[in-house]
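Those protein sequence lines, which keep their order, are chains B and E.
Mapped onto this note's numbering, the consecutive letters of the first sequence carry residue numbers 1 to 429.
Mapped onto this note's numbering, the consecutive letters of the second sequence carry residue numbers 1001 to 1459.
Hints listed in this document are in silico derivations from the structure and should not be mistaken for laboratory results.
Please read these numbers as outputs of a predicted model, since none were measured by experiment.
Do not take every clue at face value.
[As the list claims (entries may be wrong)] Using 20 Å as the maximum straight-line C-alpha spacing, the simulated PhoX-like pairs for lysine-lysine come out as follows: (1) K403/B - K72/B; (2) K1101/E - K89/B; (3) K57/B - K344/B; (4) K363/B - K429/B; (5) K344/B - K81/B; (6) K1106/E - K81/B; (7) K81/B - K295/B; (8) K295/B - K149/B; (9) K1457/E - K89/B; (10) K344/B - K295/B; (11) K1106/E - K90/B; (12) K184/B - K234/B; (13) K199/B - K158/B; (14) K90/B - K1101/E; (15) K81/B - K1371/E; (16) K1102/E - K90/B; (17) K301/B - K344/B; (18) K363/B - K184/B; (19) K1102/E - K1371/E; (20) K1424/E - K1442/E; (21) K1424/E - K1371/E; (22) K386/B - K344/B; (23) K403/B - K58/B; (24) K89/B - K1442/E.
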Amino acid sequence: MALLQPARRLLSAAAQRHLCLAPVAARASSWWSHVEMGPPDPILGVTEAFKRDTNAKKMNLGVGAYRDDNGKPFVLNSVRKAEAQIAAKKMDKEYLPIAGLAEFNKASAELALGDTNEVIKSGRYVTVQTISGTGSLRVGASFLQRFFKYSRDVYLPKPSWGNHTPIFRDAGMQLQAYRYYDPKTCGFDFAGALDDISKIPEQSVILFHACAHNPTGVDPRPEQWKELAAVVKKRNLFAFFDMAYQGFASGDINRDSWAVRHFIEQGINVVLSQSYAKNMGLYGERVGAFSVICKDVDEAKRVESQLKILIRPMYSNPPINGARIASTILTSPDLRKEWLEEVKGMADRIIDMRNQLVANLKKEGSSHNWQHITDQIGMFCYTGLKPEQVEQLTKEFSIYMTKDGRISVAGVTSGNVGYLARAIHQVSK
Amino acid sequence: MQRGLHFPAHVDWFRKHFVLKGAEEMLFQLQSLPCDMDLPVPSSMLSAVGNGQEDSSLLHRAYEPNPQHVHWMVGRWHYLDHYKSAYRTDEGQPWVLPVVKKVEQKIANDTSLNHEYLPILGLPEFRANASRIALGEDSCAIKENRVGGVQCLGGTGALRIGAEFLRRWYNGNNNTTTPVYISSPSWENHNSVFVNAGFKDIRAYRYWDAAKRGLDLEGLLEDMESAPEFSIFILHACAHNPTGTDPTLEQWKQIAAVMKRRFLFPFFDSAYQGFASGCLDRDAWAVRYFVSEGFELFCAQSFSKNFGLYNERVGNLSVVGKDTDNVQRVLSQMEKIVRTIWSNPPSQGARIVATTLTCPQLFAEWKDNVKTMADRVLLMRSELRARLQALGTPGTWNHITEQIGMFSFTGLNPKQVEYMIKEKHIYLMASGRINMCGLTTKNLDYVASSIHEAVTKFQ
């Protein structure tokens, strides 16, 4: 040992930690000793706790996946049919191009903008297939980081989907916020939003939820969208739309994409993230798209080439299964019709549950104003409940939701809405 | 040993021969885009630029008048989408593995399955079994519960998640200056993956010896000896891409010894397990040896080739650590990385692989299918070599059979390659790399005679 001491002193501190003088010493240290345990995902944590609960009446209002009126996951009929059609074709498994399935990309853009849209007709856009909404946002964020020379700042509504911030941050952008949710009304803080947005430095990036805002369920009305577009245009802001619920919000795909189309009509060349996780129930297949509205076809081509350069070192090319299903549905008249009916069915059930929840709260004798529950739209609802009340709901009634008082209305059924109303009344009266 | 960004010889060849848009843009694109495609290309190589044709079958029909046309690797340029290296049957067709067809049917018939989200790290049965395939049934690391898996989008996704993690947590916190060593040559996307993960110092380690058409072991070991401590080394587990040249078992032992002494981090890229020799265990020998030597390492696994699941994007990042606790913490941080890139991985491909690996009968069938592919490639290698030797083609050709896997560095120089492409309509990389899957019993004679002509006409 004495002979080795001088040599040891010459080594860097780090090397000394990893010095493998003997098998025992070699095994003792790890490269990862300093790696911290990552914080548990707050939303998944809710589901974990729910699973452990043995109460027969328990409700999981945490996770954002649609459930039918029996509380079960719902595989759309149009999806099953599309899958059968695809299976019958016995296609090979060759790599997709980097930008994904062309028919899917085209159909996706047309779904968002309407197939008679001038942008579609002129071809002044590019759409690439992405790994659902997250993948789309990440590709978009990375594209901005590399090519948006005017600002590093991305303005998110307050609050926004929890994953927006880490996505943009990991891509190298900085996060700012504009007022959005008004806790006093459980509604849209329109004046606050306009005020904040009008002060955003020109040529910053601003993100909007196209419909069914997550987590609040609060959407601007069309007249309000018009004013938002005007101020965005005036401030020369770069508009990034996140549309994860087209069709799923109101039941009408055109209505849900109205804001996106309006901005484009006003001459604002937006970028758009789409997800088919909810509206086609293709969650685990990871189906999404990222679109860039461009000045002209040439610009679109150049943008596309750069998007591919970003995608290639992430995952080379996207998975085909979900995109094929979505594309088959969107481009077959029968399946598309059936799909639109099923999406409306899902949206209608959500709306129905909202109505029933409010009705039941009234029946319980609650004196609070619960109108926001029916004013809000989409999968989520900001109940207005405080963290202590949420905790009480969980402890006493085995009702699980996130601490901010957000519930996934998809987790409500005609079988448990009464129980939920009773519980909410108990903690809030 | 080169510092900075690494451009393989064939990149420079293309930069010289084709009009480029803007030097910087092209540099980026050439560096990042794949150079391996097996699509037929018309005689004017630029005519397809900007063409949005996406459907590979359409492309095949449009550009395939001559059945002798061999679909090999073509050089890259911007805009065109690339059909990467994929196995072909003796009829030159894609091959969906029979076991995959069977399992897909099984999955389709299972009405209890739905399309719900997978966990962030992926399908548990897939992760555990994928790692088991790489590390072996009797792996002490698995027995000691110090192995973790992250389901990723193909081998590329696994490399990227591993790279992102290393940049954040290896050799300090967010240390972007840790040197990353990539073999010279290597799959070009390696470079892009690590650059995009934030590493600033990407270097090449010597690998291919063009003069002797084999491994430059001396150069490789020298580069490892002089590499800064804690440097990351990307090692091809088997069937080195693009040279097809692997270290022997003894050479791997030497490599491992130097890496242990120099505290170098092994990051294995395993894209061809089973596909190379036909034997899963044999192709995983190097990874398993390193594990048995006590290394902590990453292994990016792809199931694109050995399962033929190219477009389902099935990959696994196996993490081998000192103990359970370390691995758990590493996985928890990998979750955070995954969450901001793709949230959770696609389920279809992972289901197919997991179902196959967990059923003894299907597993046996799969191994058989893999051997079928590997055997065909081995046959093409021996047949090509035999023909070249029978023709008396100048030079030595034993490297064709000594190399392994999908690719072969023929040793043809740019002039000879140009002849092959222009006069013989055989498309291969400027580096002389060919995809053995493009060879069939029908075109072997034509290819051999073409190589013979090229080599005798140009020196």
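Hint-by-hint comparison with the structure:
no. : hint              : in the structure
1   : K403/B - K72/B    : violated (24 Å)
2   : K1101/E - K89/B   : holds (12 Å)
3   : K57/B - K344/B    : violated (28 Å)
4   : K363/B - K429/B   : holds (13 Å)
5   : K344/B - K81/B    : holds (18 Å)
6   : K1106/E - K81/B   : holds (17 Å)
7   : K81/B - K295/B    : violated (39 Å)
8   : K295/B - K149/B   : holds (17 Å)
9   : K1457/E - K89/B   : violated (47 Å)
10  : K344/B - K295/B   : violated (34 Å)
11  : K1106/E - K90/B   : holds (15 Å)
12  : K184/B - K234/B   : violated (29 Å)
13  : K199/B - K158/B   : holds (15 Å)
14  : K90/B - K1101/E   : holds (9 Å)
15  : K81/B - K1371/E   : violated (35 Å)
16  : K1102/E - K90/B   : holds (12 Å)
17  : K301/B - K344/B   : violated (36 Å)
18  : K363/B - K184/B   : violated (24 Å)
19  : K1102/E - K1371/E : holds (18 Å)
20  : K1424/E - K1442/E : holds (15 Å)
21  : K1424/E - K1371/E : violated (32 Å)
22  : K386/B - K344/B   : violated (32 Å)
23  : K403/B - K58/B    : holds (17 Å)
24  : K89/B - K1442/E   : violated (28 Å)
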